[in-house]
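Trainee: In case you want the letters, here they are:
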Amino acid sequence: MTTTRRVLTLTCALALLASPADAAKGGISDQGGELYSIEKRDLVGSHELMLALGAMPMDAFFKGMTLQGSYTYHFTHLYAVEFAGLYSFNFATGLEQELKERFDVQPTKTGELLSIINVNFVLKPLYGKFAVINDKIFTGEMYFVAGYAHGFFSAAKPAGIDFGVGLRMFINKYFSLRLDIRDYMFLPEFKSVSNNLFISFGLGLTFGFGEEEKED
Amino acid sequence: MRMRVLAGLLLPALLLLLPGPAFSAKKKGEQELEESDKLPAVQNRKYRLEHEFNAAIGVLPVDAFVKGVTFSGGYAWHITDTWAVEGRGYYLRNVKTSLRDKLENNFGEPPQKFAEITWYTEAGVVFTPLYGKLSFFNRTLAYGEFFVTLNAVVARMNGGKATDEEPQGKSARMGFGGAPGFGIRGYITEHLSVRFDLKSMLLYSAGEGHYPLSLMLAFSYSTRSDL
Amino acid sequence: MTSLQSWGKLIGPAVVMASLCAWSVPAAAGDPKVFAQAKDAFGRNEYRLAAHLSWRYIAKSKSGEEKYESAQFFLASALEKLGYYHASVEYYYAVANNRQTPELLPRAIKSLESIALERPLDEGLILRDLLGDTDFGDLPTDLADFAYYWQGITNMERGLDAWASERFAKISRRGYYYFLALYVASIRVLSAATTDSKKEAALSFATLFGPLDLGSALDALRRRGEADSKLAYSLKALINDDNVVSLRYDKLPKGWEVELALLGMARVEAETGALVNRAKDTDEEQLGMPLSYNVQIGGMPIYTRAVPFEERAAAIRAAAARLKAVRGIRGKALHTLARLLFEQKQFAAAYGTLGNVPRGSELGSEILLERAWSKYKAGDPHRAMGLLYALDAPVFRKLFAPEKYLLRGLIYRRFCHFRAAKIAARRFRTEFGAALQQIREGKPLDEIGRVREAALRRIQSMKLHLFVRSLRQEYAKLEDAGDEWRSAGLYKHLRTLYKQKIDQMKGELERSLEESTREVAEEMLDAEEQVNLLEYEVGQAIFQRLSESGALSAARKRAARIPLSSERVYYKFSGEYWTDELPHYKFNIEDRCVE
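Residue numbers (my numbering), protein chains in the order written: chain V, 1 to 216; chain W, 1001 to 1227; chain U, 2001 to 2595.
Each hint should be verified, as a subset may be incorrect.
[As the list claims (entries may be wrong)] Pair by pair, the computed Cβ-Cβ distance ranges are: (1) W/T1140 to V/F75: 17 to 27 Å; (2) W/G1186 to V/F121: 18 to 28 Å; (3) W/T1140 to V/G208: 29 to 39 Å; (4) V/S154 to W/P1061: 15 to 25 Å; (5) W/E1166 to V/F190: 42 to 52 Å; (6) W/H1191 to U/P2358: 53 to 63 Å; (7) V/S154 to U/M2289: 57 to 67 Å; (8) U/P2358 to W/H1051: 34 to 44 Å.
[To be verified] Rough simulated footprint, nothing fancy, chain W against chain V, three-plus residues with beta-carbon under 8 Å: (9) 55 to 65; (10) 127 to 133; (11) 139 to 153.
[Unchecked claim] Some but not every residue of chain V turned toward chain U, in silico, with C-beta under 7 Å: (12) E34; (13) L35; (14) Y36; (15) S37; (16) I38; (17) E39; (18) K40; (19) R41; (20) L78; (21) G208.
I should point out that these hints are in silico values taken from the structure, not numbers from a laboratory. Keep in mind the model is a prediction, meaning the values are calculated, not measured. From the three backbone atoms N, C-alpha and C, an ideal C-beta is built for every residue, glycine too.
My request is simple: use the sequences and hints to build the entire structure.
Mentor: In structure tokens, the structure reads:
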């Protein structure tokens, strides 16, 4: 063995014999690898029907309590397409009355929102799990939606877009809970922009499961 | 060695058949976990909050006459992973809507006739039932929580409907009420997190009810609990 | 165990009877009104009052008088309801041992059985001395099985093989004790040492397994063209052509013991599994539905048997009556089956079998560790390493498994991660170094904390330790006793009872620890030797690697890439342990070995 090689050997051996800190939290990679938990995804059904109760609180004249139904086709665990429609049960805020009584003015009728239909692309890049009071574990996913929306107001039927984020928690094989926050952005006659915040809680029914993969 | 160990285990296997409750006689409240106890879903939890300090920006978007932009600061004490108490103070920068502008400018209505919140404080409890992690494209993990809040609110209000005693609109006064809501938190690091809160306030002031909706985005710094 | 039994035989009953008699004042007979009041109080669920009144009656009476045993029985029942299990066991023992009121005997045995299934108790006194050595005559079937089983065990421990077999054979062919006996019979064929005991064990196994099941297994093997397998030859030697149990010992092939043990465990697992599923619904209509069990060994089907219609309801009801215990024996059978498969080098089958062990029935840490070994031996070190990391979870902190570090070091060495291999060795020394030093210095083993802690978790010592702990808890609970207990003398009597038992059991525990600590110390020293060897080999490998010429092409296998999108979800470990993930960890490690 040459001198250089001897020195190299000794140096490396000493380096290896020196005591490094043990891998602590998350420091697995300095021990030559990374640790993963690899699990099969639960509940990758292709079809989902959803019924949700929601609210559209932004309109100054009417607050809407909504009933929404949707059908989502899940192509893969990563993306899906959603067809949805909602009907809004509107409650007058009394602003029109107030303007008349307090200020003796009649507002211009823009119309109340009656219903919306929309078709969305759904991207689901986040899949995970939740611990409920550190006891039971449920799986779930976070998704983003964007798509075309068509509003039906009492005075107009503007087109628009909608976008938002949602959280889905699987209760069991067939049922899941959903929380959606979206913005419906309508463009009446493409002259103005009307934003409508939408929040809903829904119950989804999933079916159309493929062959179940065996867990390793 | 392993073979010997396993072979040696055959005789204890005989002993295994003796009835016995294993660890079930354990007293509740003892610190250490035994394997057959009901295990928590998460052990050695990565994110645990104790003292939280946050600053937030938000909006009260629902009022027809004024949109409030809120600047707030708060403190929360996370007693356990599930329960916390918090307090927060808000300062509002109120922005008139176009409707109000028209009423003031075109119809000469005095600003005093429009109710506004100047500032408010709230204190209450936070219940965090959900703690979770999401795998993002199998590469990284996003950790977060979902919580519900219930707060008592004290507000300073100005303006409002004209009355016989105050024909030009209401003057400055206090309002009281509550604010239930919910939110989600996303962890950035062990000490930094972002939270989004949605609260529906119910305020009562000078014989009138007010129901503003509050949306808030907060940046938090917190110390870690060693529970 | 023999010495403990001897102690128990001498001291146990004497202490019990002395304690119970100490307060029997040979004076006037007890007031029947007091007894009636005690019975009423018990009926109204006023157990403290019932215990007090029963005690008052007993204190004023003597053994043999009317209602004396009944008062003892009510006292036992009231104490049981109040959580003073040991005291209640002592009085149930008195009732069962004296048997002066025959109608109380089955109730006392029943109570003893339910306590024995749920809680630690003085096994020497109750299970061996009382049940093991007493002929109770006519008992209801399930209680008779309880007695027969323990009589079989007691005789077996004394080396009385034929008597043991005769007792086991009396157990009815359904219910928890049957499966327990079949489990024991499967172990017995493996542990029998002499030819006579092997013959007895084989015969007992065949009797318990039953000619119908033996015949079904043999037919199934023949149909599949496996008539020449060892298992088939073993079965042929146990039954004749008329499907009657008839042992031809000389016809048994080499290794028959393992074949029969595997079959026995598989049968226990399969039948208990089917019964546990069906026991969830004991509706009359459901009880008559078809019931069958598939016996498999490591995923290989052996035979299927359908339970005849007339036996279904009874079998399901019997399982439902002791469901938790039946689940427990299923877990044990699976665990033992997996260990046997591992010994037979069927590592993949062992891994799969371990995965089927129901959660909570066996120690999760042991299952994980054995799965890790199985995966390593089966050639999947990534999975093995993942399972080893799962053992670092806080809940497994108390696991005594020095081989955990050894296996980790072996896997790192396999992938030429020498630094990491040395870290594994260093972690072993961090955890066990101090204890090993104390062992070498000659410190008494039970005074070395690490050794004692691990020894207390050995099966033989664990039971005693849990019993002593339970006794102490109940003893402390006596402080809640009200004035009436104190004034009547019940409090003092119970304190004396518990103190005596604690002292006795502590002595037995210390004796048991002598052996357990020795075993633990030997394992530690053995593991240290292996770790030293590993370090030496790693050192050799480092120098060997560095001394090779650079002309060798580095055909380094890259670690498997984590896909961006996949049917499976990957959670990267970040120091946090999610309990449901522990069996799913996989360590993605790059092979650094130069070919």
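Trainee: Does the Cβ distance between W/T1140 and V/F75 fall inside 17 to 27 Å?
Mentor: holds (24 Å)
Trainee: Taking the closest Cβ pair, is V/Y36 under 7 Å from chain U?
Mentor: holds (5 Å)
Trainee: Going by Cβ atoms only, is V/S37 closer than 7 Å to chain U?
Mentor: Constraint on V/S37 satisfied, holds at 4 Å.
Trainee: For the restraint on V/E39, tell me whether the closest CB of chain U is nearer than 7 Å.
Mentor: The hint holds - V/E39 has a Cβ within 7 Å of chain U, the shortest such distance being about 5 Å.
Trainee: Measuring from beta carbon to beta carbon, are V/S154 and U/M2289 in 57 to 67 Å?
Mentor: holds (60 Å)
Trainee: Quick check on a hinted range of 15 to 25 Å for V/S154 and W/P1061, using CB atoms only.
Mentor: holds (23 Å)
Trainee: Between W/G1186 and V/F121, does the C-beta distance stay in 18 to 28 Å?
Mentor: The hint (18 to 28 Å, Cβ to Cβ) holds, given that W/G1186 and V/F121 are roughly 23 Å apart.
Trainee: Taking 8 Å as the C-beta cutoff, is the stated coverage of the region 139 to 153 of chain V by chain W satisfied by three or more residues?
Mentor: With 3 residues closer than 8 Å to chain W, the region 139 to 153 of chain V meets the three-residue bar; holds.
Trainee: Could you check if V/L35 really has its C-beta closer than 7 Å to a C-beta on chain U?
Mentor: OK, holds: V/L35 within 7 Å of chain U, min 4 Å.
Trainee: Could you check the hint for me, namely that W/T1140 and V/G208 are 29 to 39 Å apart, CB to CB?
Mentor: holds (30 Å)
Trainee: Tell me if V/E34 is really an interface residue toward chain U, meaning its C-beta lies closer than 7 Å to one of theirs.
Mentor: holds (5 Å)
Trainee: Quick check on the hint: V/L78 CB to chain U CB, less than 7 Å?
Mentor: holds (5 Å)
Hint check: violations occur at hints 6 and 21; the rest are consistent with the structure.
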